[in-house]
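Read top to bottom, the protein sequences are chains A and B.
Counted the way our numbering counts, the first sequence spans residues 1 to 465.
Counted the way our numbering counts, the second sequence spans residues 1 to 375.
Derived by calculation from the structure, the hints in this document are not laboratory data.
All residues carry an ideal CB built from backbone N, CA and C; glycine is no exception.
A hint or two may mislead.
Derived lysine-lysine pairs resembling DSBU-like cross-links, with alpha carbons at most 35 Å apart [as the list claims (entries may be wrong)]: (1) A:K369 <-> B:K127; (2) A:K369 <-> A:K283; (3) B:K374 <-> A:K369; (4) B:K97 <-> A:K283; (5) B:K374 <-> A:K283; (6) B:K190 <-> B:K127; (7) A:K369 <-> B:K190; (8) B:K43 <-> B:K127; (9) B:K50 <-> B:K127; (10) B:K21 <-> A:K369; (11) B:K43 <-> B:K117; (12) B:K336 <-> A:K369; (13) B:K117 <-> A:K369; (14) B:K50 <-> B:K374; (15) A:K283 <-> B:K21; (16) B:K190 <-> A:K283; (17) B:K97 <-> A:K369; (18) B:K43 <-> A:K283.
Going by beta-carbon spacing under 10 Å, a handful of chain B positions derived as facing chain A [as the list claims (entries may be wrong)]: (19) P94; (20) P129; (21) I133; (22) D134; (23) L251.
Here's the letter readout for the chains.
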Amino acid sequence: MLIQTLGFLPLIMPPFVGAVAMQLLFGRNGTVNLLLEQNFGIRLPFMEGLNGVIFVQSLHYFPFILINVSNSLRQIDSSMEEAAQNMGASGFSLFRKIVFPLAMPGYLAGAALVFVKVFDDLATPLLLNVKDMLAPQAYLRVTSIGLADPMGYVIATILIAVSIFAMWASVAVMRGRDYSTVQRGGGGLARRKLKPLEAVIAYSVVTLVLLLVLSPHIGLLLLSFSTIWSFSPLPDGYTMAHYGRVIGESSIYIKNTLVYATTAGLIDVVIGGGIAYLVLRTKLFGRQWLDWAASAALAVPGVVLGIGYLRTFYDVTLPNGTPLATLPIMVILALAVRRLPYALRAVFAAMQQISVSLEEAAENLGANKQRTVRRIVLPLMLGGLLAGFVTSFATAAVELSATLMLIQSSSDAPIAYGLYMFMQSPAGRGPGAALGVIAVLLVAICTFASHVVIERSQKSLGMKK
Amino acid sequence: MTKHHSTRSSGANAANGSEIKIDPQPISIRGVNVHYGAVQVLKDINLEIKPGEFFAFLGPSGCGKTTLLRLVAGFLSATSGSVAVGNTELEGTPPWKRDVGMVFQSYALWPHMTVRKNVAFGLEERKLPRAEIDHRVDAALALVGMSHLADRRPSQLSGGQQQRVSVARTIAIRPKVLLLDEPLSNLDAKMRVQVRQELRDLQQRLGLTAIFVTHDQEEANTICDRIAVFSDGEIQQVGRPMDLYAKPANLFVANFLGTANIIDGTISVAGGSRNFITASSVMLPVDETAVVPEGAKLVFRPQHCTLSRVDPSDVLLPGLVESIEFLGASVRYVLKMGSDTILVEAPFQSESSVRAIGASMEVFLPRGAMLWLKK
Numbered sequence: 001m002l003i004q005t006l007g008f009l010p011l012i013m014p015p016f017v018g019a020v021a022m023q024l025l026f027g028r029n030g031t032v033n034l035l036l037e038q039n040f041g042i043r044l045p046f047m048e049g050l051n052g053v054i055f056v057q058s059l060h061y062f063p064f065i066l067i068n069v070s071n072s073l074r075q076i077d078s079s080m081e082e083a084a085q086n087m088g089a090s091g092f093s094l095f096r097k098i099v100f101p102l103a104m105p106g107y108l109a110g111a112a113l114v115f116v117k118v119f120d121d122l123a124t125p126l127l128l129n130v131k132d133m134l135a136p137q138a139y140l141r142v143t144s145i146g147l148a149d150p151m152g153y154v155i156a157t158i159l160i161a162v163s164i165f166a167m168w169a170s171v172a173v174m175r176g177r178d179y180s181t182v183q184r185g186g187g188g189l190a191r192r193k194l195k196p197l198e199a200v201i202a203y204s205v206v207t208l209v210l211l212l213v214l215s216p217h218i219g220l221l222l223l224s225f226s227t228i229w230s231f232s233p234l235p236d237g238y239t240m241a242h243y244g245r246v247i248g249e250s251s252i253y254i255k256n257t258l259v260y261a262t263t264a265g266l267i268d269v270v271i272g273g274g275i276a277y278l279v280l281r282t283k284l285f286g287r288q289w290l291d292w293a294a295s296a297a298l299a300v301p302g303v304v305l306g307i308g309y310l311r312t313f314y315d316v317t318l319p320n321g322t323p324l325a326t327l328p329i330m331v332i333l334a335l336a337v338r339r340l341p342y343a344l345r346a347v348f349a350a351m352q353q354i355s356v357s358l359e360e361a362a363e364n365l366g367a368n369k370q371r372t373v374r375r376i377v378l379p380l381m382l383g384g385l386l387a388g389f390v391t392s393f394a395t396a397a398v399e400l401s402a403t404l405m406l407i408q409s410s411s412d413a414p415i416a417y418g419l420y421m422f423m424q425s426p427a428g429r430g431p432g433a434a435l436g437v438i439a440v441l442l443v444a445i446c447t448f449a450s451h452v453v454i455e456r457s458q459k460s461l462g463m464k465k
Numbered sequence: 001m002t003k004h005h006s007t008r009s010s011g012a013n014a015a016n017g018s019e020i021k022i023d024p025q026p027i028s029i030r031g032v033n034v035h036y037g038a039v040q041v042l043k044d045i046n047l048e049i050k051p052g053e054f055f056a057f058l059g060p061s062g063c064g065k066t067t068l069l070r071l072v073a074g075f076l077s078a079t080s081g082s083v084a085v086g087n088t089e090l091e092g093t094p095p096w097k098r099d100v101g102m103v104f105q106s107y108a109l110w111p112h113m114t115v116r117k118n119v120a121f122g123l124e125e126r127k128l129p130r131a132e133i134d135h136r137v138d139a140a141l142a143l144v145g146m147s148h149l150a151d152r153r154p155s156q157l158s159g160g161q162q163q164r165v166s167v168a169r170t171i172a173i174r175p176k177v178l179l180l181d182e183p184l185s186n187l188d189a190k191m192r193v194q195v196r197q198e199l200r201d202l203q204q205r206l207g208l209t210a211i212f213v214t215h216d217q218e219e220a221n222t223i224c225d226r227i228a229v230f231s232d233g234e235i236q237q238v239g240r241p242m243d244l245y246a247k248p249a250n251l252f253v254a255n256f257l258g259t260a261n262i263i264d265g266t267i268s269v270a271g272g273s274r275n276f277i278t279a280s281s282v283m284l285p286v287d288e289t290a291v292v293p294e295g296a297k298l299v300f301r302p303q304h305c306t307l308s309r310v311d312p313s314d315v316l317l318p319g320l321v322e323s324i325e326f327l328g329a330s331v332r333y334v335l336k337m338g339s340d341t342i343l344v345e346a347p348f349q350s351e352s353s354v355r356a357i358g359a360s361m362e363v364f365l366p367r368g369a370m371l372w373l374k375k
């Protein structure tokens, strides 16, 4: 349960927000370094340049790997391990020869995902003042030199190529290595009883890791309540003023986010539902390509998508001369395209769970295709559609890479953009953190509520055992 | 539970059974071919199913029996050929306009609707007046003895109960014919025996033409009027259960229905006597009048053998006892006759009458039990 909650945090909080908090904790004059200097007279360059980017990203995306690997482990049948023990393997050699190779697909899947996400992240390096990376370069080129600069497009092309390669490589390596070996009734690896000393070591390692992983979030929370926090391990004083300021001034961001993310989520669910139906229930020629095309958006970095939209629609103008690219509708479209693969997967899974014979039974009793979809398919998919909507909504709500390119005025900006603006100035960090906390809460509440609804509906259908 | 239900349902049936009466319709299937891509899954199928008949499609999995049933229901279309129910050609009619009721293997009850809503679905789609729907739903539920569970959800029912609801849902629309796709395969062994009899009773009472798809010969034998045996997308034989067992048309049918000994060899006529010489040169006399097609094999049932000569004309099979299986009422001997292995079943009388392993043993086969079959 803790792992699952942790897993959602990186989804709903952009890493650059954590980066700011991390600077306060681990930066040159952050909590840890101040404490180290007072006690031992040393400073460690956690957050200098590339170190900082690597440190922030690896902490931030740690749960992705954790979730993938623990899924992998859960799918290893305990008889695999028992068979190895029966043959005389134990301890570390058992782990090295059996458990680790079997968990490998989880590592690879997680690693590929994290690679693509980090590769695409633009705001974290920018906020940490690291400009010599591809994504920030693409952004800076386009914003400072202008749309006509060809280098921006060269970088964009490289970004796409590397992303696609990373995803292809992970798929290629995993091919033929589906190690889900759980038999019916068999459940996962045997739990080990730890000796007291082992337990102490294990718990302290886990606690340390947890503290590290949670540190950006803790830092953010502290920052949002602090009056001044500089050159001191902890904030000097606490206040609610930032929240007041955010709610007073920045409610437009919250409103925009809700509008963008909701619309994008709805578009995704409708399109995703359509694609899933076509692929799974019809024999339409080329239906598989439709699925691939929709999923390909996963490999297109947000910066690239943003640049692409900007370039394509900037010269297309409305009668009054406004470029199409600056309209909020473009942000919504970009978000919808970016998040379609997520919604599509959820809707796909939901439709795959509906046995075709349920639909055939309806047709057999006199319901035509439309009536069958309305009375059987839609009600049964409700949970899946909602799940698809929430995934799209939650991730779209904190998307920055694509929107940073497309937002022209702050009155059209969503929360993530507002956060980025706040975080750029030291004075804005307090309100920024407050806005970040609000964003996390907002998305967390929506996600949690939908989980409850989905669980309940599945239980009442008796689909969940 | 089962006892309680059956008394309940028979009481209800007396009241409502007469109410649902369906005009029995014939089903005719002519020259049907079905291809999946390059694979031909049904080859030139011709069948005439009589009105009111309980007809089985029997065969191993992948033989095309379910494909043919789904073709009748309209879930796939034939490359060529036609299907008609009564006087109506069904080609081109979508499933929802066919009025052929189908009971699915998985029952296919909709989990988001109560039992009552499930049964009412087809009637609502036909836009019947509410009162008529309620009336028909009650009658259909009463017919299968499920009235008391009408407000449950399918997930709250046992397998047997779900099966009954599934039948009620189909009966409620008063279909022209009833299609049953392995309706018993998801029930445990004891329920299966009970439910198959209930299905038979129901079909008889309604006078409905029914097609029953199964891979289980016992199910087909016990409740069906006639059986079509399928293999490799072709009908091997159509006939009454007893005829199929006694006079199988080919090796597949002989082997699929019951157990059969199949022995390879050639016929030779020498010195005025006709003999069948097995692959390992065992010589068995053959009647002058017996019709033995070119390349046919000798087929006989283990039960038709006796351990002592009953009639002077019985054929002697010399064997060595390789192993013995005690089945309770009978003993099954696995014998080596030359290089052939044959099974022989004899009634069990006492332990002292059972032959020992390794002993040589003479077995006798009535001439009438010798069948000559080809592939």
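Now for the hints, and whether the structure bears them out:
1. A:K369 <-> B:K127: Roughly 16 Å between the alpha carbons, so the hint for K369 of chain A and K127 of chain B holds.
2. A:K369 <-> A:K283: holds, 14 Å
3. B:K374 <-> A:K369: violated, 47 Å
4. B:K97 <-> A:K283: holds, 22 Å
5. B:K374 <-> A:K283: violated, 41 Å
6. B:K190 <-> B:K127: violated, 39 Å
7. A:K369 <-> B:K190: Measuring from Cα to Cα gives roughly 38 Å; hence the hint is violated.
8. B:K43 <-> B:K127: This hinted pair is violated, its Cα atoms lying about 39 Å apart.
9. B:K50 <-> B:K127: Roughly 31 Å separates the two Cα atoms, so the pair holds.
10. B:K21 <-> A:K369: holds, 30 Å
11. B:K43 <-> B:K117: violated, 40 Å
12. B:K336 <-> A:K369: violated, 61 Å
13. B:K117 <-> A:K369: Holds: K117 of chain B and K369 of chain A sit about 19 Å apart, inside 35 Å.
14. B:K50 <-> B:K374: holds, 29 Å
15. A:K283 <-> B:K21: violated, 39 Å
16. B:K190 <-> A:K283: violated, 41 Å
17. B:K97 <-> A:K369: Holds - the C-alpha atoms of K369 of chain A and K97 of chain B are around 12 Å apart, at most 35 Å.
18. B:K43 <-> A:K283: holds, 23 Å
19. P94: Since the shortest Cβ distance to chain A is 7 Å, the answer is holds.
20. P129: violated, 16 Å
21. I133: Not OK, violated: I133 of chain B not within 10 Å of chain A, min 13 Å.
22. D134: violated, 17 Å
23. L251: This hint is violated: L251 of chain B lies away from chain A, its Cβ roughly 35 Å from the closest one there, beyond 10 Å.
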